[in-house]
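Generate coordinates for the entire structure from the input sequences, incorporating the hints supplied.
In the order they appear, the protein sequences are chains R and Y.
Taken in order, the first sequence gives residues 34 to 184; the numbers are from our numbering.
Taken in order, the second sequence gives residues 5 to 309; the numbers are from our numbering.
Careful: at least some of the hints might be erroneous.
Derived PhoX-like pairs: lysine-lysine, alpha-carbon spacing no greater than 25 Å straight-line [what the hints assert, rightly or not]:
no.	chain 1	residue 1	chain 2	residue 2
1	R	LYS118	R	LYS44
2	Y	LYS232	Y	LYS276
3	Y	LYS95	R	LYS151
4	Y	LYS205	R	LYS162
5	R	LYS178	Y	LYS205
If you are wondering where the hints come from, they were derived from the structure by calculation, not from laboratory data.
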Amino acid sequence: MKKEQSISAIKDGSVIDHIPSSAALKVVDILDLKGIRGMISVATNLSSKTMGKKGIIKISGKDLTKEEVDKIALIAPHATVNIIKNYDVKSKINVAIPPTIRKIIKCSNPNCITNNEKNVITKFYVLDKDPLKVRCDYCERNMEKEEISLL
Amino acid sequence: MNFKDRDIISIHDFSKQELLFILKIAKSMEKKPNLDLLKDKVLATLFFEPSTRTRLSFISAMEQLSGKVIGFSNTGSTSIKKGETLWDTIKMVEAYSDAIAIRHPVEGTARLAAEASSKPVINAGDGANQHPTQTLLDLYTIQKVKGKLDNLHIGMLGDLKYGRTVHSLTVALSHFNPTFYFIAPQALQMPQTYLDDLKEKKIKFVTESNLTKVSKKLDILYATRIQKERFADPIEYERYKGVYKLDVGLLDNVKKDLKIMHPLPRVDEIDKSLDDTEHAVYFEQAANGIHVRKALLALVLGKIK
Numbered sequence: 034m035k036k037e038q039s040i041s042a043i044k045d046g047s048v049i050d051h052i053p054s055s056a057a058l059k060v061v062d063i064l065d066l067k068g069i070r071g072m073i074s075v076a077t078n079l080s081s082k083t084m085g086k087k088g089i090i091k092i093s094g095k096d097l098t099k100e101e102v103d104k105i106a107l108i109a110p111h112a113t114v115n116i117i118k119n120y121d122v123k124s125k126i127n128v129a130i131p132p133t134i135r136k137i138i139k140c141s142n143p144n145c146i147t148n149n150e151k152n153v154i155t156k157f158y159v160l161d162k163d164p165l166k167v168r169c170d171y172c173e174r175n176m177e178k179e180e181i182s183l184l
Numbered sequence: 005m006n007f008k009d010r011d012i013i014s015i016h017d018f019s020k021q022e023l024l025f026i027l028k029i030a031k032s033m034e035k036k037p038n039l040d041l042l043k044d045k046v047l048a049t050l051f052f053e054p055s056t057r058t059r060l061s062f063i064s065a066m067e068q069l070s071g072k073v074i075g076f077s078n079t080g081s082t083s084i085k086k087g088e089t090l091w092d093t094i095k096m097v098e099a100y101s102d103a104i105a106i107r108h109p110v111e112g113t114a115r116l117a118a119e120a121s122s123k124p125v126i127n128a129g130d131g132a133n134q135h136p137t138q139t140l141l142d143l144y145t146i147q148k149v150k151g152k153l154d155n156l157h158i159g160m161l162g163d164l165k166y167g168r169t170v171h172s173l174t175v176a177l178s179h180f181n182p183t184f185y186f187i188a189p190q191a192l193q194m195p196q197t198y199l200d201d202l203k204e205k206k207i208k209f210v211t212e213s214n215l216t217k218v219s220k221k222l223d224i225l226y227a228t229r230i231q232k233e234r235f236a237d238p239i240e241y242e243r244y245k246g247v248y249k250l251d252v253g254l255l256d257n258v259k260k261d262l263k264i265m266h267p268l269p270r271v272d273e274i275d276k277s278l279d280d281t282e283h284a285v286y287f288e289q290a291a292n293g294i295h296v297r298k299a300l301l302a303l304v305l306g307k308i309k
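Set out below in structure tokens:
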């Protein structure tokens, strides 16, 4: 427990643990936490027995939903999310790849409208989770794991 | 079935029942061609790249139903030259029209246009991706010349790698328990992703490069052009361009009621000597485009339910 004190415990809210260190800031970005009024702490490069280095995000006063949590599945597939009530873990949510992925992936087809028009948010249908295979909603091209790159 | 305000973007969006329903309405349009159904309705045709058949048949379909058409077939005369985004172009056009038909060289454009527009959008071709009205007129033609869609032996010939018409038609026919014969040089064969889909749906298919090996089995032979514009290397195009030339010699070895289709334009895949035979249905196929497009326009504009 002592290790975790490097960022303070929260009374109510959500704690996302086991984020790859390099992805912590990206997770904040994807979760779109701008409008939240409670305290948000982000720590990266914490030591972890299993991961070497890891990141943690604590968000006061907000319970993340399953849908929000799944958005980070591609960049933090082993993250764990605890929902905290009065300093206790009320529930745990496992991260899982959602049926559709918005924003996070870039279409590999250079002739896709998402790579040619400004401000188009990408959208992909997940055809297979393991290995990951997705179909672009716009150009309908299928992409497999090695072609998938993040925005 | 209510199609009012529905966008027609991709053949993937339609169930078997919906496809059959559209074909039924197209048939009624063929029987009664000149209805005043779309009086006072305006179709915008936005053609960002050249097209003869598709654009003219949309215009003719709309006018035969007493509707009006606005639009362009050349972006040189529009604000797109000034850097206007597609989104803004569509926002403006939807204010001037009741439905939009769009062709664009960039894939996914029609889907984005449909998101921008509150009026129904019909995809008239988005790059190498989809051309759903072509697929529907192909289905309509097959149903008309064979009297059915189910359990047919369908040969697809030519450029199966890049040809969007054969890709979409394969998806659409998959609802009707076909047996496919994909006839192409190895380098232009059907992409693996389509073959995988067929395997998953337990649909029978063979890949073959020699037409005469399978021609006897076919009910439909759907020929396509080797598309010069898709080859990065002109030498590779030269290698494949004349690989299949259908002529009356083919007929020694086919079913009596084989029908030959082609989305046109043809180069030299089908010799003129076949045009006057009972096997040739490609000009009729092009003519069917009008019935299908009339059906779609009347449906998405809510005049037929």
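Each hint tested on the structure:
Only pairs whose Cα atoms come within 25 Å are accepted, and LYS118/R paired with LYS44/R is accepted, the gap being roughly 6 Å. For the proposed pair LYS232/Y and LYS276/Y, the alpha carbon gap of about 21 Å is at most 25 Å, so the pair holds. Restraint check for LYS95/Y and LYS151/R: the C-alpha separation of about 15 Å stays at or below 25 Å, so the hint holds. A threshold of 25 Å between alpha carbons decides the hint, and for LYS205/Y with LYS162/R the separation of about 19 Å falls inside it, so the pair holds.
Note on LYS178/R and LYS205/Y: the hinted pairing holds, with a Cα-Cα distance of about 23 Å set against a maximum of 25 Å.
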